[in-house]
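2 protein chains.
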Amino acid sequence: MERRKLSADEVSERLEGLNGWIAESDVIMKRFEFPNFAASLDFVNKVGALAEAADHHPDIKFGWGYAEFAMTTHDRGGLTDFDFELARKIDRL
Amino acid sequence: MERRKLSADEVSERLEGLNGWIAESDVIMKRFEFPNFAASLDFVNKVGALAEAADHHPDIKFGWGYAEFAMTTHDRGGLTDFDFELARKIDRL
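Protein chains in written order, with the numbering used here: chain A, 1 to 93; chain B, 101 to 193.
I should point out that these hints are in silico values taken from the structure, not numbers from a laboratory.
Check before you lean on any hint, since a few could be wrong.
To be verified - Derived DEER-like restraints, expressed as beta-carbon distance ranges:
#: 1; chain 1: B; residue 1: Asp175; chain 2: A; residue 2: Leu93; range: 30 to 38 Å
#: 2; chain 1: B; residue 1: Arg103; chain 2: A; residue 2: Glu2; range: 23 to 31 Å
#: 3; chain 1: A; residue 1: Ala53; chain 2: B; residue 2: Asp181; range: 21 to 29 Å
As the list claims (entries may be wrong) - Derived lysine-lysine pairs resembling BS3-like cross-links, with alpha carbons at most 30 Å apart:
#: 4; chain 1: A; residue 1: Lys5; chain 2: A; residue 2: Lys30
#: 5; chain 1: B; residue 1: Lys189; chain 2: B; residue 2: Lys105
#: 6; chain 1: A; residue 1: Lys5; chain 2: A; residue 2: Lys89
#: 7; chain 1: B; residue 1: Lys161; chain 2: B; residue 2: Lys105
#: 8; chain 1: B; residue 1: Lys130; chain 2: B; residue 2: Lys189
#: 9; chain 1: A; residue 1: Lys30; chain 2: A; residue 2: Lys61
#: 10; chain 1: B; residue 1: Lys161; chain 2: B; residue 2: Lys189
#: 11; chain 1: B; residue 1: Lys105; chain 2: A; residue 2: Lys46
#: 12; chain 1: A; residue 1: Lys46; chain 2: A; residue 2: Lys89
#: 13; chain 1: A; residue 1: Lys5; chain 2: B; residue 2: Lys130
#: 14; chain 1: B; residue 1: Lys146; chain 2: B; residue 2: Lys189
#: 15; chain 1: B; residue 1: Lys146; chain 2: A; residue 2: Lys61
#: 16; chain 1: A; residue 1: Lys89; chain 2: A; residue 2: Lys61
#: 17; chain 1: B; residue 1: Lys105; chain 2: A; residue 2: Lys89
#: 18; chain 1: B; residue 1: Lys161; chain 2: B; residue 2: Lys146
#: 19; chain 1: B; residue 1: Lys130; chain 2: A; residue 2: Lys30
#: 20; chain 1: B; residue 1: Lys146; chain 2: A; residue 2: Lys5
#: 21; chain 1: A; residue 1: Lys5; chain 2: B; residue 2: Lys161
#: 22; chain 1: A; residue 1: Lys89; chain 2: B; residue 2: Lys146
#: 23; chain 1: A; residue 1: Lys5; chain 2: B; residue 2: Lys189
#: 24; chain 1: B; residue 1: Lys130; chain 2: B; residue 2: Lys105
#: 25; chain 1: B; residue 1: Lys189; chain 2: A; residue 2: Lys89
#: 26; chain 1: A; residue 1: Lys46; chain 2: A; residue 2: Lys30
#: 27; chain 1: B; residue 1: Lys130; chain 2: B; residue 2: Lys146
#: 28; chain 1: A; residue 1: Lys61; chain 2: A; residue 2: Lys5
#: 29; chain 1: A; residue 1: Lys46; chain 2: A; residue 2: Lys5
#: 30; chain 1: B; residue 1: Lys146; chain 2: B; residue 2: Lys105
#: 31; chain 1: A; residue 1: Lys89; chain 2: B; residue 2: Lys161
#: 32; chain 1: B; residue 1: Lys105; chain 2: A; residue 2: Lys5
#: 33; chain 1: B; residue 1: Lys161; chain 2: A; residue 2: Lys30
#: 34; chain 1: B; residue 1: Lys146; chain 2: A; residue 2: Lys30
#: 35; chain 1: B; residue 1: Lys105; chain 2: A; residue 2: Lys30
To be verified - Okay, the calculated bits of chain B under chain A, using three or more residues with CB under 8 Å as the criterion:
#: 36; stretch: 135-142
#: 37; stretch: 158-172
Built from N, CA and C at the ideal position, the CB exists for glycine as well.
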C-alpha cells in the first residue's frame, strides 16, 4: 500500500466504496450507535486492536450509545490509502 | 450523594479541590497525555470500568498520546456531585 496523499478525486472515488463515511478537511469520519456505554467501549476496543495491528491510529470520541472515528495520515498532511484501509476494516467488524 | 444541579459557586468550590479540571458550559473536562496509543486506550478502559461501576458515563475523546474526559449530568441539565465524584476517581487512577 502506497503512503501517498490522495487527490480530491481519489478521495471521492474511495468514499463511494465505503458506507456512511464522510470526508471533511483531510479527515474521514463515521459515527456508530450502540445500545449502551459498554457496547460502545467494546467496539472501541476492537477498533483499537485493528489500529495497533495497522500502526495507524484514529481519533476516537465515544460515550453512552455512540462512537465516532476520524482518520487522517498526519505525516502526509492528508488522506492516504492507510485511512481507507482502516475504514474498511472497521466496517467489517 | 445528592443528584442536584450545583450552583456556579458550588462548581467553583469543587473545582478548587481538583487538579487540572476545567468547567465550560455545564461540563467539566480534563486532558491527559500518554506515550502512545496503547497507553491512552488502557487508561480509557480503566475510566470505562469506573464509569460502569458508578453508572455515570463521560464523553471520551482519545487517540495516539492523549485522552480527554468530559462529564455532565444530562438528566439534571448541569453539573452534580456525580460528575465531581467521577473526576476524583479518574484522578486517583
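Results for each hint:
B:Asp175 and A:Leu93 have their C-beta atoms about 31 Å apart, which keeps the hinted 30 to 38 Å range intact. For B:Arg103 and A:Glu2, the hinted distance range of 23 to 31 Å is not satisfied, since their beta carbons lie about 54 Å from each other. Remark: the range hint 21 to 29 Å for A:Ala53 to B:Asp181 is contradicted by a beta-carbon distance near 41 Å. Between A:Lys5 and A:Lys30 the alpha-carbon distance is near 20 Å, which keeps this suggested pair within the 30 Å criterion.
Under the criterion of a C-alpha separation no larger than 30 Å, the hint pairing B:Lys189 with B:Lys105 is consistent with the structure, at around 20 Å. Restraint check for A:Lys5 and A:Lys89: the C-alpha separation of about 20 Å stays at or below 30 Å, so the hint holds. Between B:Lys161 and B:Lys105 the CA atoms are separated by roughly 25 Å; this keeps the pair inside 30 Å, and the hint holds. For the suggested pair B:Lys130 and B:Lys189, the alpha carbons sit about 13 Å apart, so the restraint of at most 30 Å is met.
Under the criterion of a C-alpha separation no larger than 30 Å, the hint pairing A:Lys30 with A:Lys61 is consistent with the structure, at around 11 Å. Annotation: proposed proximity of B:Lys161 to B:Lys189 holds, straight-line Cα distance about 18 Å (limit 30 Å). Pair hint B:Lys105 plus A:Lys46 does not hold up; C-alpha atoms about 36 Å apart against a cutoff of 30 Å. A threshold of 30 Å between alpha carbons decides the hint, and for A:Lys46 with A:Lys89 the separation of about 10 Å falls inside it, so the pair holds.
Taking the CA atoms of A:Lys5 and B:Lys130, the gap is about 33 Å. The hint is violated against a cut of 30 Å. A hinted pair counts as satisfied when its Cα atoms are at most 30 Å apart, and B:Lys146 with B:Lys189 qualifies at roughly 10 Å. A hinted pair counts as satisfied when its Cα atoms are at most 30 Å apart, and B:Lys146 with A:Lys61 qualifies at roughly 16 Å. With a C-alpha separation of about 18 Å, the suggested pairing of A:Lys89 with A:Lys61 holds against the 30 Å cut-off.
A C-alpha spacing of about 42 Å is found between B:Lys105 and A:Lys89, which places the hinted pair above 30 Å, so the restraint is violated. Restraint check: the Cα-Cα separation between B:Lys161 and B:Lys146 comes to about 14 Å, which is no more than 30 Å; the hinted pair holds. A hinted pair counts as satisfied when its Cα atoms are at most 30 Å apart, and B:Lys130 with A:Lys30 qualifies at roughly 24 Å. For the suggested pair B:Lys146 and A:Lys5, the alpha carbons sit about 36 Å apart, so the restraint of at most 30 Å is broken.
As the CA atoms of A:Lys5 and B:Lys161 are separated by approximately 26 Å, the hinted pair is consistent with the 30 Å bound. About 25 Å separates the Cα atoms of A:Lys89 and B:Lys146, which keeps this hinted pair within 30 Å; it holds. Restraint check: the Cα-Cα separation between A:Lys5 and B:Lys189 comes to about 42 Å, which exceeds 30 Å; the hinted pair is violated. Straight-line distance between C-alpha atoms of B:Lys130 and B:Lys105 comes to about 20 Å, which keeps the hinted pair within the 30 Å bound.
With a C-alpha separation of about 34 Å, the suggested pairing of B:Lys189 with A:Lys89 is violated against the 30 Å cut-off. The suggested pairing of A:Lys46 with A:Lys30 holds, with an alpha-carbon distance near 15 Å, which does not exceed 30 Å. Using a Cα cut-off of 30 Å, the hinted pair B:Lys130 and B:Lys146 holds, with the two alpha carbons roughly 15 Å apart. Of the supplied pair hints, the one linking A:Lys61 and A:Lys5 holds, its CA atoms being roughly 25 Å apart against a limit of 30 Å.
A hinted pair counts as satisfied when its Cα atoms are at most 30 Å apart, and A:Lys46 with A:Lys5 qualifies at roughly 27 Å. The suggested pairing of B:Lys146 with B:Lys105 holds, with an alpha-carbon distance near 27 Å, which does not exceed 30 Å. At roughly 21 Å between alpha-carbon atoms, A:Lys89 and B:Lys161 fall within 30 Å of each other, so this suggested pair holds. The straight-line distance between the Cα atoms of B:Lys105 and A:Lys5 is roughly 49 Å, outside the 30 Å bound, and the hint therefore fails.
The straight-line distance between the Cα atoms of B:Lys161 and A:Lys30 is roughly 14 Å, inside the 30 Å bound, and the hint therefore holds. Proposed proximity of B:Lys146 and A:Lys30 is supported: the alpha carbons are some 25 Å apart, at most 30 Å. With a CA separation close to 33 Å, the supplied pair B:Lys105 and A:Lys30 exceeds the 30 Å bound. Taking a C-beta to C-beta cut-off of 8 Å, the stretch 135-142 of chain B contributes 3 residues in contact with chain A, enough for the three needed, and the coverage statement holds.
For a cut-off of 8 Å, the count of residues in the stretch 158-172 of chain B with a CB near a CB of chain A stands at 7, and the three-residue condition holds.
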